[in-house]
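Peer 1: For reference, the chains in residue letters:
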Amino acid sequence: MAEDIQTKFKLQYFDSPSAGRLALMTMDNGFDYTRPNVFGEGALRSLAEALDELESQEDVKGLLLTGKQFIFAVGADTSEFQGIDGDRVREGIETGHELFSRITALPYPTLAAINGACMGGGLEIALHCDYRTISTGAAAIAFPEVFLSILPGWGGTQLTPRLIGGAKALEVIVTNALNNNKMLTPAQAVDLGLGDRLIESAGFLEDSRELLERIVAGEETITRDVELEAGLDEALEQTRAFVDNKVHGATQAPYEAIDCIEFAARGGDLAEGRKREIEAMTELLPANQAQAAIYAFDLTQRRIKKQPWKPDVKGRRIRKMAVIGSGLMGAQMGALFLQRYEVPLVMKDIDQGVLDKAREHIGGEVDKLVQKGRINPGKGEFLKGLVTYTLDYEPVAGADFVIEAVLERMDLKKAIFADLEEVLDDDAVLATNTSSLSVGEMASDLEHPERVVGFHFFNPIAVMPFLEIVRPESSSDEAIATAFEVAKKIKKSAVQCADTPAFIVNRMLTRFNGAGIEAIRRGNTFREVDDAYKAMGLPMGPFELFGFVGIKVAFHTAETLHEAFPDRFPLDDNFARIAELDVDGIYDWGSGGEPYQEILDLVEVEEGAEKWSAEEIQRRAKEAAADEARIMVADGAVVDARDIDTGMLLGAGFPFFLGGICKHLDQTGISQEVTGSELVTEQDAAFA
Amino acid sequence: MAELRDAYYIDGVRLPIGRAKDTGYYAGTRADDMAVRTIRVLMERTGIPDDRVDDVAWAATAQVGDQGLTLGRSLAILAGLGQNVPGYAIDRMCAGALTAIVNAGNAIRVGAQDVVLAGGVEHMGHHPMGAEVDPNPRFLSDKLVDQSALVMGNTAENLHDVHTDITRERTDEYALQSQERTGKAQANGIFDDHVVPMTVWTDEGWRVVSVDEHPRPGTTMEDLQALSSPFRAGGLVTAGNAAGLNDGAGGVVLASQAAVDEFGLTPRMKLVDYAFVGVEPETMGWGPVPATEKLLAKTGLSIDDIDVIDMNEAFAVQCVAFLDHFGLPLDAEHVNPYGGAIAMGHPLAFSGARLAMQVASWFQRHPDARYGITTMCIGLGMGAAVLWENV
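Residue numbers (our numbering), protein chains in the order written: chain G, 589 to 1276; chain X, -12 to 378.
The following block holds chain G by itself, in its conformation from the complex:
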C-alpha cells in the first residue's frame, strides 16, 4: 500500500488528582474522519507495542481507550481480506483475541470512550474494556460482519450476549446486519446495554475521563443486570426463521453467528467460545460468500460514490426543475427533487385529476417531514409553495433539468421533447425515465439532441437507492455530468449504461429469470420455481418479483428485449397470456398466497415435457446470466462486469454474498465454462 494508513495506538498519561495515574490510549491512523480507523496487521502490531508499554508501567490506575476526532474504529481492514487464505485468517483472528484479551486482563478499570463511528472490530475492542461510554455524536454503532458473510470474530459473538443477553445479541449481530446493515443510534446502543452511559458530545471525553476517575477512586460503581437466557428460545427460533427467509441457506455466516451466540448465552466457557469464533472465521472469510461480499462492499460503498463514469466537466447549475407526466412515478420524482433541491418545481400533466393526486402526494411527503421534525412547518409551507401544477408548457420555461415520466410510447415522448424544446433554454437537460425505449431515438429529431439523457429510476423511488444513467451517443458530456450531479444530490447511486435495450438491471434480470418462466412450460409450479431461485440466496423468485414490479411492466421489458435479441429472449406464451390479465401478481396474498386460479387456468404445459429439478433451473439461470453478461460487456452496454454487479446489488437487491451475479458466476466456474473466462477480471482501470 502506497500510503501508511495503519491505525496506531498512541499512549499518553495523566496524573489525576483524585484517581492517580491514568493512561489514555488513542486509536489514530493520522488522517481525518473521512478515512476512519481500521485494524489491519500494522494496527495489531501497534496495539501489541502499546500493551507491552502499558503492562510495564507499575503505577497506572486506569485506562481510557478512545478514537481520533469523530471516529472510534470501524473494524478490520477489509482491504486485507481479499484472497486471504485460512492460515492468515486464523493468525489474524487469534492475534486479535490475544491482544484484546490483554486489555481485559489489565489489573485496573478500563473504559472505552466511544466518541464516534464504532463498528465490528472497533466495537469488539470496546467490549474488551470494563466499561463503555458513548457520545451522543457517535455516528454509527454496529456489527456489520454478518452482512459481509462473516461474523464478529474478535470476541463479538461471545462478549455481546454476556453483556446484554442472548436475545438482544441476536438482534444486534444477526438481525440488524441482515436488515441492510442497520446501525444503532448512541441512545439505542446504551438502551441495549452495549454502553454504560450516554454522554453529551460537547463534553464527552472530559465526562468520560471523570467517570473513569470516579470508578478508580471508588466513588462510583457501575452494575449491570444481565439475563443471559431471557427470551432466548423464542429469539433463536425467530432469528433462524428470519435468516432462512433472508438467505435461504446460501451463506453460512448468519447460522454460524447464531450458534456462537447461543453457545455464549447458554453459559458456554469463554475460552471455548473464542475457539469457536476462530474456527468459524477461518472457514467463513476465505469462502466465496465473504469474498464476494467484500467485492460487493467495495462496489457499492466506494466505487459508485466516485461516479467513475462522470465526464470531467461541470454539469448545469440547477435552479428550476420540471417533471412531465405527474402520475405515480412522476409524483415520486417531484417529491424527491423538491426535498433535495428546494428549487422551483413544475409538475405538468394533461389530466387535472392526475395533477391533483400529485399535489396530494407531494404535499403529503412534505407533511411527513414536518411531522417527523425533520423540517419546521414554515419550511414545509415554503417547499409546497415552490411547486407549480400545470396543464401547460409555459410554466416549464426556464427549467434546467426536465424529466419525462409519461407512458412508454416513443411517439408520445418525442412529441413531448419537441414541445419542451420550444420553451426551454438550448442547453437545459432533458431526461427520460424510460425503462426500455431507445434514448437516442427519442432525441433524434430535436434541434439539440445532445441534451437528452436517460435517467431510469427504480420503483418505489423513495426506497430504491439506485438509478441507471443512460448515455446515448448523441449526448454531451455536460448533459451526462448534470445527470450524475442530480443523482448525487438526490442521494441515489447511479451506474452509467449505453443506450442498449432495457439497460442493465432489467436486461440481466429478464435473461436470468427466463429459465424460471420456461420451467412453468415444463410443468414446474410457480412455487417450485421461486423456491429454486431463492435457494441461490435471492430475496425473491421471478414470480414473486412480478407481484412487486407488476406483470405488465415485466412483460413489456421482455417484449423489448425479444425485439432486440429474439434468439436469447424468446417470448413465452404463458407469460403473454398472464400479462393480459388484470391481477396484482401471480400469488393471491389475500387468501393464503396460492397462485390465482385464473392464472393456473391459463398455464399450458408442453406435451411430453419433464419438470426440471431445482438444480436444473438454477444451472440454466446462471448459464444464461453468464452468457448475457459477456455480451453486455462485449457490446458496450457496460464498461465492465462490475457495472452489472453494481446494478444487480443495488437495483435488484441481489445479495452481497453473490457479489451481484458476475462475481458469483466467476467463483463457481460458470463464467469460464460458458464464456471461456472470468467476467470480473476484465476491468477497465479508468473506471476503478
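Be aware that one or more of the hints could be misleading.
[To be verified] Far from chain G by the CB rule (all over 10 Å, computed), these chain X residues: (1) S135; (2) T186; (3) D190; (4) A284; (5) L367.
[What the hints assert, rightly or not] Which chain X residues face chain G? A few, computed with CB under 8 Å, are given here: (6) V23; (7) W188; (8) G192; (9) W193; (10) M208.
[Claimed, not checked] DSSO-like cross-link-like pairs, simulated, lysine-lysine; straight-line CA separation at most 30 Å: (11) K649/G with K171/X; (12) K8/X with K598/G; (13) K770/G with K1199/G; (14) K1077/G with K898/G.
To be clear, the hints were calculated from the coordinates, so they are not data collected in a lab. Predicted, not measured: the structure shown is a model, and the values here were computed from it. Beta carbons: idealized from backbone N, C-alpha and C, even for Gly.
We have chain G already, so just place chain X on it with the hints.
Peer 2: Showing chain X alone in chain G's frame:
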C-alpha cells in the same frame, strides 16, 4: 434613575494557559472548543439550569476562524445551553474579557438580566497578533499614531524612554518576582479552584493538560539579564520581562441577588465600579495608571483602601511604572500576589477573566479584605480598572 442592583461574581474557571506554538497544548484544538469546555464546567459547578443563562458575552481579539461567528452565541449553541440562550462577541483587545465582565455586570445592575456568562478566548497560535488585521493607512499618513504604537513591544520601549528611572535591572527583578510568585502559588494549589483540565488533540493522541504551560519556575536573574530586546537595538524589553504569546480561555458567572436566591448560589464578590480611559497609543502601558486614578476618584477611595490589585503584566516596565506612580514598592505583597502574565502568559482577550478569578481566590483566603482592583493596559492606548468588593 432607578436604583442599581448588585451584580455578583459567582464562579470562574479557565483552562491551563498554553504556549502559542505548534507543540503547544492547544495547537490541535479549536478556540471555540476551549471556551465551550470552560462554560460546561461553570454550568456544572454552579448548578444553574442551562436554559436560565440570560446571555453569553465572550471576547476575542481576532474574531475570525475558530473565534468568529458571533462567539458568544456560537458558544451557547456548542455548549448545549439551549436555543433560547443568546450571546455576543466583544473586542477591546487585551481587555476583552474584562469588558465582557463589566457589560454582563451592568446588564444585571440595571435589572435587564439575572445570569450572564462572561469570558474570553484567544488562540494566538491560530491567530498570531495582528496577522488578520488591515490597519487603516491614515493611522500613519495622518500621523494619528506613531508607527511604534502598533507593535506592543515598541510601546513598552517607549514607556522606558518616558520613565528613565525604570531600569532594565528593575524590570528583570519584577519579572523574576512574577515567576517566583506564580511558581509558589502553583505549588500551593492557589489555582486549583479555577484551573480545569482539558483533553486536547495532539499528533500523539488525546492528552489531558491541567497545569499552565508557560511559567519557567527555575528562572534566575542571570537568565533574564542574558536576553536581548527583539524590538530595538539596545532595547530593554525582552522575552523574559514581557508576557508571552499564548492560548487560553475562561470565563465567569455573574448573577443578580434574585438568581443567587433562586439557584442557591454563593456570591464571592461584588462588581462595584469600573473605568476605562484612553492614553497615548505610543505608551499604551501607562493605561492602568489613569484608569485606576479615575476609578478611585469616582468611588472616593484611595489606593490605600485597596486590599489587593491584580494587574495584567503585558510588560514589566508597565507594572513598575504603575507601582512607582502609586508609591508602592516593587515587591508590594498585595499587588499581583500570585504573579502574573509574565510567568503565566497573556492570551490577549482572555486575560481579564483570569485577573478576576485571582482576585476571587485571594478574597477567599483573606476574608477580612474588602476591596480589590483588576487593571490592564490595552493596545492602541487604553487602560481599564475594575473595582471588586469581597462579600
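Peer 1: Each hint should be assessed against the structure and marked as holding or not.
Peer 2: Status of the hints after comparison with the structure:
Listed as a non-interface residue, S135/X keeps its Cβ farther than 10 Å from every Cβ of chain G; the least gap is roughly 42 Å. Against chain G, the non-interface label of T186/X is violated: not every CB pair exceeds 10 Å, the least being about 4 Å. Annotated as non-interface, D190/X brings its C-beta within 10 Å of a C-beta of chain G; the closest such distance is 8 Å. At the 10 Å boundary, the C-beta of A284/X stays outside the reach of chain G, the nearest C-beta of that chain being 45 Å off.
Consistency note on L367/X: stated as away from chain G, and its beta-carbon is indeed over 10 Å from all of that chain's, at 35 Å minimum. A least Cβ separation of about 6 Å between V23/X and chain G falls short of the 8 Å threshold, and the interface hint therefore holds. Taking 8 Å as the C-beta cut-off, the interface hint given for W188/X holds, the closest approach to chain G being about 6 Å. Look at G192/X: its Cβ gets to within about 3 Å of chain G, closer than 8 Å, so that hint holds up.
A hinted interface residue such as W193/X counts as satisfied when its beta carbon comes closer than 8 Å to some beta carbon of chain G; here the least separation is about 5 Å, so the hint holds. With 8 Å as the threshold, the beta carbon of M208/X stays out of range of chain G, its nearest partner Cβ sitting at about 32 Å, so the hint is violated. Only pairs whose Cα atoms come within 30 Å are accepted, and K649/G paired with K171/X is accepted, the gap being roughly 29 Å. Under the criterion of a C-alpha separation no larger than 30 Å, the hint pairing K8/X with K598/G is consistent with the structure, at around 22 Å.
In summary, the hint linking K770/G to K1199/G is not supported, as the alpha carbons are separated by about 40 Å, beyond the 30 Å threshold. The hinted pair formed by K1077/G and K898/G meets the criterion: a straight-line CA distance of about 14 Å does not exceed 30 Å.
Hint compliance for this structure: hints 2, 3, 10 and 13 are not met, and every other hint is.
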